[in-house]
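Residue-level listing of the chains:
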Amino acid sequence: MRSCAILFPRLLRDRLPRIFVATALVLLLTSPLLRFGESGFADGYKAGGEPGAASTAHLVGLLLALVSPWLAEGVVSDLRRNGSGPLLLTRPISRPALYLVRWLAGLVSLTIVALVAATTINVAWSTGGGIGPDLSLVGSIGAGFVTWVWVGSTVLLLSAVLDRGEALAGALLVAIPIAMTAVLPTADLLARAARVLPVRPMLRAVRVSLAGNIPEQPALLTTGCWGLVVLGIGLFVACRRDWRVGD
Amino acid sequence: MMVGAESLPLLSSVDGRQCQHVARNPLIELSGVSKAYRRRKRQPVHALAALDLRIEAGSTIAVVGPNGAGKSTLFAVLAGLIQPDRGRTLVHGLAPVAYVRSRGIGLLPDRVRLPARLTVREVLVRLAILDGYSGAAIPRSVDRALDHVGLRERASDRCDGLSHGLRQRVGIAQLLLRPREVLLLDEPLAGLDPVWRARFRELLAQLRRDSPGRTLLLSSHELGETARLTERAIVIDSGSVVDDFPTHGDSEALERRVLRVLKQVGGT
Chain A
0 MRSCAILFPR LLRDRLPRIF VATALVLLLT SPLLRFGESG FADGYKAGGE
50 PGAASTAHLV GLLLALVSPW LAEGVVSDLR RNGSGPLLLT RPISRPALYL
100 VRWLAGLVSL TIVALVAATT INVAWSTGGG IGPDLSLVGS IGAGFVTWVW
150 VGSTVLLLSA VLDRGEALAG ALLVAIPIAM TAVLPTADLL ARAARVLPVR
200 PMLRAVRVSL AGNIPEQPAL LTTGCWGLVV LGIGLFVACR RDWRVGD
Chain B
0 MMVGAESLPL LSSVDGRQCQ HVARNPLIEL SGVSKAYRRR KRQPVHALAA
50 LDLRIEAGST IAVVGPNGAG KSTLFAVLAG LIQPDRGRTL VHGLAPVAYV
100 RSRGIGLLPD RVRLPARLTV REVLVRLAIL DGYSGAAIPR SVDRALDHVG
150 LRERASDRCD GLSHGLRQRV GIAQLLLRPR EVLLLDEPLA GLDPVWRARF
200 RELLAQLRRD SPGRTLLLSS HELGETARLT ERAIVIDSGS VVDDFPTHGD
250 SEALERRVLR VLKQVGGT
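First to last, the protein sequences are chains A and B. For the first sequence, numbering that gives the first Met the number 0 assigns the number 0 to the initial residue and increments by one for each residue that follows. For the second sequence, numbering that gives the first Met the number 0 assigns the number 0 to the initial residue and increments by one for each residue that follows.
Since the hints were derived computationally from the structure, they do not count as laboratory data. Heads up, a few of these hints could be off.
Residues from chain B that face chain A, not an exhaustive set, calculated with beta carbons under 8 angstroms [unchecked claim]:
1) Ala78
2) Gln82
3) Val99
4) Arg102
5) Leu113
6) Pro114
7) Gly131
8) Ser133
9) Gln173
10) Leu258
11) Arg259
12) Leu261
The beta carbon of each residue, even a glycine, is placed where N, CA and C say it ideally should be.
Chain B extracted, bound-state conformation (with noise of 0.2 angstroms):
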């Protein structure tokens, strides 16, 4: 339960000692990229059009921007689950999918899917040993993930009978199984209830505290929640990035700035 949850270490000291390493010259850059979604008999969709990007270690940025952007696709070239038709991408200096099978990332889909048959224990089982961990190790840290985000109660249930807000919550417990120093965040308020905002939020700062150089992306459409949660805000629309501030916590200013900035570019 969430209850005693705010004590429970993120991080084994192994796990911590790695982040701080890799930590000093982490860096995502994209210099040109462009993808485009072939569709059968009607006109291709370029969700990223020659985009240029460039994210210091330890940031903690908001991509913003309307539906069909581009986000979830730039979520996906950084983790490596696509290959963009041009341009260049580096993480950490390694192409996504070599940086992926080195290091991993942290990725929480806008839509997070569950093997139906699972449970949510056997699900994070099997992620948990896809992270590294074996033998008792293996439901320490589940059952760890699994407090976090409130869920050791719901822990057999299966996967297929989770509502979007619980399905959204496994999907950050599987976040939480050995945090990455890379997190990508698509989406992650939606269907959280107010409560497991401001959990959300709590968790965010102390992955910030146990590894000052983690880098995060977080996109949302819900500006002012993004405004609290991260330092800097990058704009896209049609696939490029059109506006890059700093966000300063203050919630309505983002909100004014992101709204003009798409209503000169025609995104609204």
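Chain A on its own, in the form it takes in the complex (with noise of 0.2 angstroms):
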């Protein structure tokens, strides 16, 4: 545990290139998917219909789920497929622990990112009339926090799963659910799996984190738990798994 503890700033400092995009990405398409979603949606739905901080931070939230698989990517895969799994896996070390470790880096990764995007986008909208006011920096935090736990949890299951990489484990987490809704004549099956699996109240924690209601959110609490069982089945089979080393 303690060279886990050791590494820790070092996985973060490797992450910093992608911190750094993700937040560039976060930013750059906050301003016109708000415009776009003010102007409304085919089916009707308008953004701006929710004015203030609860359209902006609904979307700062959805970019962050969309942001977090791509900051995940590393945990697993860096591991087996591209990286140094054998070398890192034949030291004296817990298997958990060092999964544990790497999925901590991407958190606080995230978590840089939501409370960087959110400052920014308080700054600009106080100093120049900018994207959406008043996201809170401490709901931030905690909206990086449920943004990981699930979708990165997910993620890291899936990875292990699948045995592919995070990006692709991402992709599938981002891309069935747009497929259920696209494909299927009803969003009922959606709403079935969105029962299920918390989805909503992601979304929902996220978002009223961001607006500063943390308190008032049962949510937050409900899909912090849900995050964490996901994450420890992942743990679990990721840790399972063997390991490729040749023939």
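Dock chain one against chain two, each of which comes alone in its own frame, and use the hints as you go.
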């Protein structure tokens, strides 16, 4: 565990380029997407219909969910397929601890993205009437946590189960619900899936966290617990898997 | 650089004591170990087939056999990287994963994969941390390992720009950060030029001198070099041990016997 603690800042440093790019993506996409949302989607939904912080928080939450699989890249696949798995896993360390420290590096990375994005959006709004007002800075830490604990853990689980990289697992995670709503004539199935897997509570928790009402939001706790369950299963599956070493 | 590296100690005194203590009764024992790789819509590949093997402490063993004989799979099982389907594997009386967790195993994979974005030094620093080093001991151990493999001047190079031979040397360097009681070297000579093959022989000899109880398994297709490095050869074909004999350092005898055995069992 001590080795993993010493390793942690280095893992975070390795992720700095991705943190910069992910933050830039969130900031670059927030404004145009909000404007697009305000003009109305095909189904009549208007993001601008929820004025102020709520719509911005909703959008930033979604963007965080989209960038988190990319920040997850490296938790499993860098070890197994492209990286130094056999060299790392023959050291006298606990495998779950090694996974956990990499997962924690991803959590802190996404939280930094959420915090920097929220701060920038707030400053832009207060100085020049920018893209959305008053995202909670404390809530952005919670939003980073909830998004990572849920999306990051699910990506880790999918990656380990499918024996594929986190990027592909993340793409699947995003693509499956989109395909379900696009292909299936009814959104009923998605609604049922959303009840089983707390997609909506997660998004609500993120949105309300960013908007600064954490104490009033039981979904934050619920989705956090769900995410941790998925994380636990993910760690178990990943630690049980065989590793590629040759023929 | 290589010059002067011979005089550098491979182990700290603490490491030396640890190895001497552990070396009194280590043992590798496999009985009835089988492992099959399942493939979609195709017959499974039986990499290990009821393999039995017993290796005493302090042995230096050559594991030879044709491509696909199961050598890398055997090493992966011993290193706890894959679980066999059947059979029992014990390293020093423990299951491989438990043994690795408590003492670590030195593994040089047949293909040394390194994180592309990191430099040679960054990779070795991370591995040194996982080897239990902290503070000033981290750069010290990394520099020592880099000197042994002549990579001090390439330490700032990114791993994705390294040739096969240089990656192999990084692989050897990571073994030297904290040499373990059990070393598994899968094709260690692949990609090394003649100068570094000779240097590698010296390093192995030094590792043996530092800790006579150290157990070393080496797989290679280069039988001449292998005979010089090992005292016993195990021939594997189709996942089973088909021969087991002392090498006496005689490379020609080793080559003759391995070829004869493999012809008899149809492995060539």
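Comparing the hints with the structure gives:
For alanine 78 (chain B), the shortest C-beta to C-beta distance to chain A is roughly 5 angstroms, which falls under 8 angstroms, so the interface hint holds. Look at glutamine 82 (chain B): its Cβ gets to within about 6 angstroms of chain A, closer than 8 angstroms, so that hint holds up. Because the closest C-beta pair between valine 99 (chain B) and chain A is about 6 angstroms apart, less than 8 angstroms, the hint holds. Here the hint on arginine 102 (chain B) is kept, as its CB sits about 6 angstroms from the closest CB of chain A, short of 8 angstroms.
The interface hint given for leucine 113 (chain B) is met, as the beta carbon of that residue sits about 6 angstroms from the closest beta carbon of chain A, less than 8 angstroms. A cut of 8 angstroms between beta carbons decides the hint on proline 114 (chain B): the least distance to chain A is about 5 angstroms, and the hint holds. Look at glycine 131 (chain B): its Cβ gets to within about 6 angstroms of chain A, closer than 8 angstroms, so that hint holds up. Annotation: interface hint on serine 133 (chain B) holds; nearest CB of chain A at approximately 6 angstroms, less than 8 angstroms.
Residue-level restraint check for glutamine 173 (chain B) holds (minimum Cβ-Cβ distance to chain A is 6 angstroms; threshold 8 angstroms). With its C-beta approaching chain A no nearer than about 21 angstroms, leucine 258 (chain B) sits outside the 8 angstroms limit, and its interface hint is violated. Checking arginine 259 (chain B) against chain A: minimum C-beta separation of about 24 angstroms lies over 8 angstroms; hint violated. For leucine 261 (chain B), the interface hint is violated, the least distance from its beta-carbon to any beta-carbon of chain A being 17 angstroms, above 8 angstroms.
Hint violations for this structure: numbers 10, 11, 12, all remaining hints satisfied.
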